Amino acid sequence: MSGAAGSGAGGAGSAGSVGSVVRRFLAEYGSGTPSRLKVLDAYLLYVLLTGALQFGYCLGVGTFPFNSFLSGFISAVGSFILGVCLRIQINPQNKGEFQGISPERAFADFLFANTILHLVVINFVG
Amino acid sequence: MNAIFSKKNFETLSEAFSIACATGALSRNRYHLPVIIVPEGSAAVSHHQPVLKLQVTNVMSQPLTQASVKLDYAKSASTKATVLQQTPFVLSGDVFELNFMNVKPASGYYDFSISVDGDNRFIANKVELKVKVSTEVGITNVDLSTVDKDQSIAPKTTRVAYPAKAKGSFTADSHQNFALSFQLIDVNSGAELTPHQTFVRLHNQKTGQEVVFVAEPDSKNVYKFELDTSERKTEFDSASGTYTLYLIIGDATLENPILWNVADVVIKFPEEDAPSTVQSKNLFVPKPEIQHLFREPEKRPPTVVSNTFTALILSPLLLLLILWIKIGANISNFSFAPSTIVFHMGHAAMLGLMYVYWTQLNMFQTLKYLAILGGVTFLAGNRMLAHKAVKRCYKHRRSRTSMQLCLQDKF
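In the order they appear, the protein sequences are chains A and B. Each residue of the first sequence is one higher than the one before, counting from 1 in our numbering. Each residue of the second sequence is one higher than the one before, counting from 1 in our numbering.
I should point out that these hints are in silico values taken from the structure, not numbers from a laboratory. Here the structure is a predicted model, which means the values were calculated and not measured. We put the beta carbon where it would ideally sit given N, CA and C, even for glycine.
Covered stretches of chain B (in silico footprint by chain A; criterion: 3 or more residues with CB under 8 Å from a CB of chain A, positions within the stretch not fixed):
id, segment
1, 292-300
2, 319-331
3, 347-361
4, 380-391
Here are some of the chain A residues that sit facing chain B, going by a computed Cβ distance under 10 Å:
id, residue
5, 38
6, 41
7, 42
8, 45
9, 47
10, 49
11, 54
12, 65
13, 72
14, 100
15, 104
16, 105
17, 123
Construct the complete structure from the given sequences, taking the supplied hints into account.
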């Protein structure tokens, strides 16, 4: 994301604190990112939080139905990875690296891979 | 032929008739006559029964009195030495006989090879037979002695003759051992024998305990048995007292197994090992009951905790919806084309199938339904996304090549 690269260079140049870097980054992100990518980013954040909560619960109360924990956690991790892949492929700034894969094709791949992942997850959750 | 005669009982009369027909054909034809050779009684000879009798018949159990039966060879099973060869059997009535004891064989097992001739049509007319020669055993040179452990006093030896019992009793205690030696010979030939069972049994008259030992032969075939009280006190449970001593001799080739009360032995064990009461080990009372411990179920968190977690896990979903609304995601571009509707219905149906798979189905059924729904959804989705691509590249509609390039995303 060029917004992040720009803010990284600006932050290193000034002797600012972490807070000013973060604020700069958020400002660049809000203005420079197409809303389609922002929708995807919200989805990724949701999946991340869900996975982290599952892991924290498992640490707290133990791994009794271990297969259930594993299937939920892998679902979260797998969805996150697929979402990241979709984001990379859709991003217009990456067009040079993905010649021949239209955004529609990327979305179809995303749906197909998710179907297979959730088939396996539901099989394993028990 | 084995296939015809493999069953002994028949369920239907027609089956029995067929077998009888086959048997008749096999005993009356011009080509082959199977011969059956079976010893009459058991295949054993001895001095009382020196003649080996054979029944030689065809498959209808008719004796073949015209045949000539011959012993090809008889070999001892243990030494493989040929004892007799090329001797004919004598026909007596319907049975062929041979007096095997004429060659004075030693006792044991012999392999006989017998052939039946006389007719070119005979087949299966050579057999191998195992014959047992049994004999009677005699015990000689039975010596009972008490041997002093320190070897200071000479051993006192008493000779006993079978079947008498030794007079007086013998003592075995901490400074004397009791010893027994004897020899076993074949009564008829005088050769030494080594039967399979040579046991010395000591029976406590008061408690009913019995202990059995094996007497082993030495290099000269003299059997020896020695009782050392300090070595053997575990077998006796250290119970002192008077024991009757029996000698047990047995073998498959002996006609007269022997159980002989030889003497009485007083065995004294050192006092400190004597058990307070002698328990008879009763093996046939019910044993104490074993309680089965079922596996402890795993520890689970209380329901409150897991319900709280379930509510908690839905909160990121709420956050997601709020963020989406904030960013401005909308469905304003939703075109009500049939492919779009079919795609969304198909996709929703696939998600519903996942839920049903979790609750009810197995993998195979799910794959079947998934293939159908997935195929439909795929076709509709393909159509829908193609429309979207066209809409996206609408601005290039003027030029054909640039439209194509845009559609293939090669821009």
